[in-house]
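Participant: Below, each chain spelled out in residue letters.
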Amino acid sequence: MTPISRGFRGRRPADGLAARLPPGQYETRDFPVLSAGPTPHTPLSAWDLTLRGPGGRSARWMWDEFATLPRETITVDIHCVTKWSKFDTKWEGVSIDTLISHAAAKQVTTGGYVLASCDGGYTTNLPLPDLTNGKAWIAFSYGGEPLAPEHGGPARLLVPHLYFWKSAKWVRELRFMDTDSPGFWEAAGYHNRGDPWREQRYTGDE
Amino acid sequence: MTATPPAGRIVWRTATVASVTAETARTRTVVFDIPGWTGHRAGQHVDVRLTAEDGYQTERSYSIASAPADPQVALTIERLDDGEVSPYLTGELRPGDVIELRGPIGGYFVWDIESGGPLFLVGGGSGIVPLMAMIRHRRASLAKTPDAAASLRTRLLYSSRAWEEIIYREELARLAAEDQTLEVVHTLTRSAPEGWPGYRRRIDRGMLAQTAWPANESPRVFVCGPTSLVESVANVLVELGHQPALVKTERFGPSGSSVPQ
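If you read the sequences in order, they're chains L and H.
Letter 57 of the first sequence, counting from 1, is numbered 57 in my numbering, and no numbers are missing.
Letter 39 of the second sequence, counting from 1, is numbered 39 in my numbering, and no numbers are missing.
Don't read these hints as lab results, they were simulated from the structure.
Mixed in with the good hints there might be a few duds.
[To be verified] Below, computed lysine to any residue pairings styled on SDA-like, alpha-carbon distance capped at 25 Å:
(1) L:K90 - H:S228
(2) L:K86 - H:R49
(3) L:K86 - H:Y56
(4) L:K83 - H:D81
(5) L:K83 - H:V31
(6) L:K135 - L:A18
(7) L:K83 - H:R28
(8) L:K83 - H:D97
(9) L:K83 - H:Q57
[To be verified] Quick list of simulated restraints, FRET-style, between CB atoms:
(10) H:S115 - L:D64: 41 to 51 Å
(11) L:A14 - H:A177: 44 to 54 Å
(12) L:S181 - H:G55: 52 to 62 Å
(13) H:A22 - L:G112: 13 to 23 Å
(14) H:R205 - L:D48: 27 to 37 Å
(15) H:S218 - L:S181: 20 to 30 Å
(16) H:G8 - L:S181: 13 to 23 Å
(17) H:A22 - L:M62: 51 to 61 Å
(18) L:T28 - H:A22: 22 to 32 Å
(19) L:A19 - H:A69: 42 to 52 Å
Beta carbons are placed, not taken as given, at the ideal position from N, Cα and C, and that holds for glycine.
Put together the whole structure using the sequences plus the hints.
Facilitator: Structural data, given as structure tokens:
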């Protein structure tokens, strides 16, 4: 049975916002930064993005090419496993659906799972259905400005329906695989899928 | 980048307050008895869950301050005046109170004796807490194997706003006085006592060049503090030749800027 914290009243979220807060989360107006190491600073001239299929075929965009792909404006709530949520964040990005369809023209096939790899060595894994059908993007702009390095610029994965560590900063490659393989935090005690509405924070959470 | 997985589900446990101690005007160390606690690694954190009488719950994360060998778990918490949870934990809790806690959490920002040295720790404000767990762990382990001290030589560079705001000030001074392989360097950013001989500015490149172990010694580096401090320290260390994979960071607090960083 849950013990009552004597004398604790707490601060309730405003009406209408409570329903947007997953369990255990609180709203912040700031945009905290969470990274395991130094922030990489990759110049745009050295940046590229690769989609790699299970068979080894790949599609690659240099920054100038990436910038010509159809872009979308996205307004979403985001939820960090460290407990903060931020409402109505505004991004611009290229949907993973768009990237996959362009890659398919180069015979790049997908698989059931994806491993995202980033500058600095960070990785995260996702099932493909969490990235498709309008659920995920490679975002390059936040709040109308180019995405800053501390927040993952030049470009980061944006998967707002999962805890934000899945929205890997400084992403450079999406590798499609037939089997799942845990990424950086997933191998360090965090949940393999990370659905905030089911409070899947850590390994072993249901 | 490698990390170690824990086993099984991390369950909520009932933690009973054993003591509350003032560290500075704004920080308190709360020591808990936690039946079933299975231990932790220096640098890890816990989640705290509070429940109001009407069932409203909220959670926060706090770094563990105590050494793994300590049977009790100590958290050192800074009161944020506009916070929902920290004013309660630092101002309301008293011995005998119970809260819920689960952990330990985090398998990356951790240091064990087996991780080796030399060790370079950089902290800002309450960012000292997980670093203190490492210092206490090192101290407890060296008491058993003093020969390892030289290979685990350690420097702490600690930025505080003022002398009175240095968390663990006396314990740090005592540990450094007793141990020639532990050096503690303070910098004070807002005010300093008369005749203060130490640094009086934010941590910068010159200070890091003077205090960090040379990059070619491959020191294990841990940086914890406000985002702006961690960003700048980690960037400078990489510029000074430290391998990014050996520079582990933990950032807390707002970005300090209304535009995204």
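Participant: Each hint should be assessed against the structure and marked as holding or not.
Facilitator: Results for each hint:
Only pairs whose Cα atoms come within 25 Å are accepted, and L:K90 paired with H:S228 is accepted, the gap being roughly 23 Å. With a C-alpha separation of about 20 Å, the suggested pair L:K86 and H:R49 falls inside the 25 Å cut-off, and the hint holds. Proposed proximity of L:K86 and H:Y56 is supported: the alpha carbons are some 20 Å apart, at most 25 Å. With a C-alpha separation of about 18 Å, the suggested pairing of L:K83 with H:D81 holds against the 25 Å cut-off.
Distance check on the hinted pair: L:K83 and H:V31 sit about 23 Å apart at the alpha-carbon level, within 25 Å; holds. Restraint check for L:K135 and L:A18: satisfied, since their Cα atoms lie roughly 23 Å apart, inside the 25 Å limit. Straight-line distance between C-alpha atoms of L:K83 and H:R28 comes to about 22 Å, which keeps the hinted pair within the 25 Å bound. A hinted pair counts as satisfied when its Cα atoms are at most 25 Å apart, and L:K83 with H:D97 qualifies at roughly 24 Å.
For the given pair, L:K83 sits about 12 Å from H:Q57 by alpha-carbon distance, which is consistent with the 25 Å threshold. Take H:S115 and L:D64: their Cβ atoms lie about 43 Å apart, and the range 41 to 51 Å holds. Take L:A14 and H:A177: their Cβ atoms lie about 52 Å apart, and the range 44 to 54 Å holds. Here the CB-CB span from L:S181 to H:G55 is close to 40 Å, at odds with the stated 52 to 62 Å.
Between H:A22 and L:G112 the beta carbon distance is about 55 Å. The supplied range of 13 to 23 Å is therefore violated. A beta carbon spacing of about 31 Å between H:R205 and L:D48 agrees with the range 27 to 37 Å that was offered as a hint. For the pair H:S218 and L:S181, the beta carbons lie near 28 Å from each other, so the given range of 20 to 30 Å is met. H:G8 and L:S181 have their C-beta atoms about 21 Å apart, which keeps the hinted 13 to 23 Å range intact.
A beta carbon spacing of about 57 Å between H:A22 and L:M62 agrees with the range 51 to 61 Å that was offered as a hint. Taking 22 to 32 Å as the suggested C-beta distance range, the pair L:T28 and H:A22 conforms, at roughly 28 Å. At about 45 Å, the CB distance of L:A19 to H:A69 agrees with the hint of 42 to 52 Å.
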